[in-house]
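Novice: Each chain is listed here by its residues.
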Amino acid sequence: MAAVRTSSEIGFNRIAIVAVLVVTIIFLAPIYWIASTAFKPRNLATTIPPTVVFQPEISPFVKLFTKRSQMRSPPSPEEYAAAPWWERVVFDGGEKIVRDGKDQVQWSGYPSRFLNSLIIAITSTVLAVGMGTFTAYGFSRFKVKGEADLLFFILSTRMLPPVVVAIPMFLMYRAVGLNDSHIGLIILYTAFNLSFSVWLMKGFMDEIPKEYEEAALVDGYTRMEAFFKIVLPEAATGIAATAVFCFITAWNEYAFALIMTNRRAQTAPPFIPSQVGSGLPDWTVIAAGTFLFLLPVAIFTFLLRNHLLRGMSFGAIRK
Amino acid sequence: MTQIELRGVQKFFGAVQVIKDLNLKIADNEFIVLLGQSGCGKTTTLRAVAGLETIDEGDILIDGKPVQHLKAADRDIAMVFQSFSLYPHMSVYENIAFPLRATRKSKAEIDQEVRSVAKTLQITDLLAKKPSALSGGDMQRVAIGRALVRRPKAMLMDEPIGALDAKLREEMRAEIKRLHIKQGSTTIYVTHDQIEAMSLADRIVIMHEGVLQQVGSPDEVYSRPANLFVAQFVGSPVMNVADAAVAETASSASVTVGGAASGFEFPRTLLSKLNGHAGGELALGIRPEGVLIRRDAAEGFMAVETQIVEPLGSFDIVDLKVGSKMLRARTKSGFVAGPGEKVFARIDPTQAHFFDKASGKSLDVRL
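These protein sequence lines map, in sequence, to chains V and R. Numbered per the numbering used here, the first sequence spans residues 1 to 319. Numbered per the numbering used here, the second sequence spans residues 1001 to 1367.
Each hint should be verified, as a subset may be incorrect.
[Stated by the list, open to error] Within a straight-line C-alpha distance of at most 30 Å, the following computed DSBU-like cross-link-like pairs (lysine-lysine) qualify:
hint : chain 1 : residue 1 : chain 2 : residue 2
1    : R       : K1153     : R       : K1020
2    : R       : K1071     : V       : K143
3    : R       : K1025     : R       : K1130
4    : R       : K1361     : V       : K210
5    : V       : K210      : R       : K1107
6    : R       : K1020     : R       : K1065
7    : R       : K1105     : V       : K210
8    : R       : K1177     : R       : K1130
9    : R       : K1177     : R       : K1119
10   : R       : K1129     : V       : K67
11   : R       : K1342     : V       : K210
12   : R       : K1332     : R       : K1342
13   : R       : K1065     : R       : K1177
14   : R       : K1273     : R       : K1325
15   : R       : K1119     : R       : K1130
16   : R       : K1273     : V       : K210
17   : R       : K1065     : R       : K1129
18   : R       : K1332     : V       : K210
19   : R       : K1025     : R       : K1182
20   : R       : K1020     : V       : K145
21   : V       : K145      : R       : K1071
22   : R       : K1105     : R       : K1182
23   : V       : K210      : R       : K1325
24   : V       : K210      : R       : K1071
25   : R       : K1119     : V       : K67
26   : R       : K1107     : V       : K143
27   : R       : K1361     : R       : K1025
28   : R       : K1119     : R       : K1129
29   : R       : K1065     : R       : K1130
30   : V       : K143      : V       : K210
31   : R       : K1130     : R       : K1182
No lab work stands behind these hints, which were simulated from the structure alone.
Build out the structure end to end from the sequences listed, making use of the hints.
Specialist: If you want it as structure tokens, here you go:
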């Protein structure tokens, strides 16, 4: 290794830094766009050229969570004064919040879609990672007849784009009554992620020295106990990395959610664009919905970032 | 009080037989070392005793009870691995406590036993640390502590100090020996290092290609090797082995090595002791300390030329050209100045070994 860096090395380094910056900006620009639109007043959302400096508003989020209707005339001063702050910001936009007979605020479709997304993504991630971990352990530790063929078969389920089977899947789901159900999407996403989970976890399992379990076996534990007490803690990094990827896939999935669900089990991805079509699109509300939708993945990834970085380089180096 | 016995143990990996009809009795409190090159089946034998490897035939008995069908957990045996295998996510304390947690001991009992083992091994100040923060020697101590804490019927050690550097290895060797004398438990220790085996063992078991070659005390395997393999595997520097021809002279016997012009003088009784083998294919084995050299000619000494001199500090190893063969002799350091010197050599008959070349077996000739 050269102790002194040559000028060409420094030059290359600078070019690399510029390139990384450019790529980062390209990736972050849409996220900035969504985040800023989510806080814009409605009339500034679609200006050309775009408004960069503005007074941020919370109204898009209030509108996102509530059912609203157009008002023919502005509310009376008494009515306006009696309303809570979150209702006033809706009045300001010329709309009012819909209430039922008992004067209860009516929620929009968004919260339930968001909850569906959470339930379906988390459950399918737990299932895919759980089954993947056990399967990978089996392949990694025991002599399995036709191991290479089986692993190839598992991988082969990812060789087609899943959408190819969307129509037959839809017909099958309708026949057994799984369409528009949570369990239907959970099964689907678990199946998508399982092959990925098995392969990734096998890599991690192979890295855990067999001697740890053997030590536990000699120390008086059964193989199952050794698995839970020794192997699982050792595989935590791999499990975290696999879980993030599975969660992102399930969370972001659009095509099957669009085809298989319409109300009860609909997830956020097909719901958000469906709002564009109803009446004059309020882009600030759509941006608010998208912004909130980005958060769970961002938080999840942020919490596990150390595991992820280790996970990405894990298995690359022979220790 | 634990005896271990292996009876007719056979083990195959696919078509390869790694243990061939192994029979061995290990007495209570005995320190047995399985010695051999890598791939000789010694580790497989150890793992079979531990229950980490199944055997295809034979019996493994612990205190007279066959255990080959028992799981590792049910054999009440502890094992120290070459890689130490300390659980990385647990502290030293938890590592040592781990085998006790598998039993129904109370927290207070576990704590007391962990601390008492830690005290014996002088690792009390390390208890809170994670294994990754330990030095090689300390990891080794913790691994031994984890094995000892349950007071198992027997201790198995698979090259436990093989991963340490030379100086530490010597220290730990002494520590293991001290510990064995103090604690006294039936121990099977696997190594490929004959010095380790010699220094630790009550009895050494030498294995080669899955076959037991010789069982005996360090002194026995060193001074009475059963065959050519043992003769050359045990001892450093390695024993000289050369094709030999024995002839009768007027007053004595003569052993010619490497087709040299003249032979080394041996007592006449050699002829009768070889008992007919004298005409057959013979190999002479002589350790470097059995090759005696001097600067001036003397009765029974043969003129030879020195080749390479290897100074090893406390002594030198000198290569002597005898016919077409090199004999290595051990001398006082500095005795021979360098290559090309004329010296006079003879072989100490009491240290000579004779082997049948075809079978490799020792003819057990003692002069």
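Novice: Compare the structure with each hint and give your call.
Specialist: Hint check:
This hinted pair checks out: K1153(R) and K1020(R) have alpha carbons roughly 26 Å apart, not beyond 30 Å. Between the alpha carbons of K1071(R) and K143(V) the distance comes to roughly 18 Å, so the proposed pair stays at or under 30 Å and holds. Restraint check: the Cα-Cα separation between K1025(R) and K1130(R) comes to about 39 Å, which exceeds 30 Å; the hinted pair is violated. Annotation: proposed proximity of K1361(R) to K210(V) is violated, straight-line Cα distance about 40 Å (limit 30 Å).
Of the pairs offered as hints, the one joining K210(V) and K1107(R) holds, with about 29 Å between alpha carbons and a cut-off of 30 Å not exceeded. Taken as a hint, the K1020(R) and K1065(R) pair is honoured in the structure, with Cα atoms around 22 Å apart against an allowance of 30 Å. Taking the CA atoms of K1105(R) and K210(V), the gap is about 27 Å. The hint holds against a cut of 30 Å. Restraint check for K1177(R) and K1130(R): satisfied, since their Cα atoms lie roughly 27 Å apart, inside the 30 Å limit.
At most 30 Å may separate the alpha-carbon atoms for a hinted pair to count; K1177(R) and K1119(R) meet this at roughly 17 Å. For the proposed pair K1129(R) and K67(V), the alpha carbon gap of about 58 Å is over 30 Å, so the pair is violated. Among the hinted pairs, K1342(R) with K210(V) is inconsistent with the structure: their alpha-carbon atoms are about 58 Å apart, more than 30 Å. Proximity of K1332(R) to K1342(R) is assessed by CA-CA distance (about 16 Å); at most 30 Å being required, the pair is judged to hold.
In summary, the hint linking K1065(R) to K1177(R) is supported, as the alpha carbons are separated by about 28 Å, within the 30 Å threshold. At roughly 25 Å between alpha-carbon atoms, K1273(R) and K1325(R) fall within 30 Å of each other, so this suggested pair holds. Taken as a hint, the K1119(R) and K1130(R) pair is honoured in the structure, with Cα atoms around 18 Å apart against an allowance of 30 Å. Restraint check for K1273(R) and K210(V): the C-alpha separation of about 54 Å exceeds 30 Å, so the hint is violated.
Proposed proximity of K1065(R) and K1129(R) is contradicted: the alpha carbons are some 40 Å apart, above 30 Å. Restraint check: the Cα-Cα separation between K1332(R) and K210(V) comes to about 49 Å, which exceeds 30 Å; the hinted pair is violated. In summary, the hint linking K1025(R) to K1182(R) is supported, as the alpha carbons are separated by about 23 Å, within the 30 Å threshold. Straight-line distance between C-alpha atoms of K1020(R) and K145(V) comes to about 27 Å, which keeps the hinted pair within the 30 Å bound.
Distance restraint check for K145(V) and K1071(R): the Cα-Cα separation of roughly 23 Å lies within the 30 Å cut-off, and the hinted pair is therefore satisfied. With a CA separation close to 25 Å, the supplied pair K1105(R) and K1182(R) stays within the 30 Å bound. Simply put, K210(V) and K1325(R) have alpha-carbon atoms about 48 Å apart, too far for the 30 Å limit, and the pair is violated. Distance restraint check for K210(V) and K1071(R): the Cα-Cα separation of roughly 17 Å lies within the 30 Å cut-off, and the hinted pair is therefore satisfied.
Straight-line distance between C-alpha atoms of K1119(R) and K67(V) comes to about 71 Å, which puts the hinted pair past the 30 Å bound. For a cut-off of 30 Å, the pair hint linking K1107(R) to K143(V) is broken: about 39 Å separates their Cα positions. With a CA separation close to 23 Å, the supplied pair K1361(R) and K1025(R) stays within the 30 Å bound. Taking the CA atoms of K1119(R) and K1129(R), the gap is about 16 Å. The hint holds against a cut of 30 Å.
Restraint check: the Cα-Cα separation between K1065(R) and K1130(R) comes to about 39 Å, which exceeds 30 Å; the hinted pair is violated. The suggested pairing of K143(V) with K210(V) holds, with an alpha-carbon distance near 14 Å, which does not exceed 30 Å. The hinted pair formed by K1130(R) and K1182(R) meets the criterion: a straight-line CA distance of about 28 Å does not exceed 30 Å.
Hints 3, 4, 10, 11, 16, 17, 18, 23, 25, 26, 29 from the earlier list are contradicted by this structure; the remaining hints agree with it.
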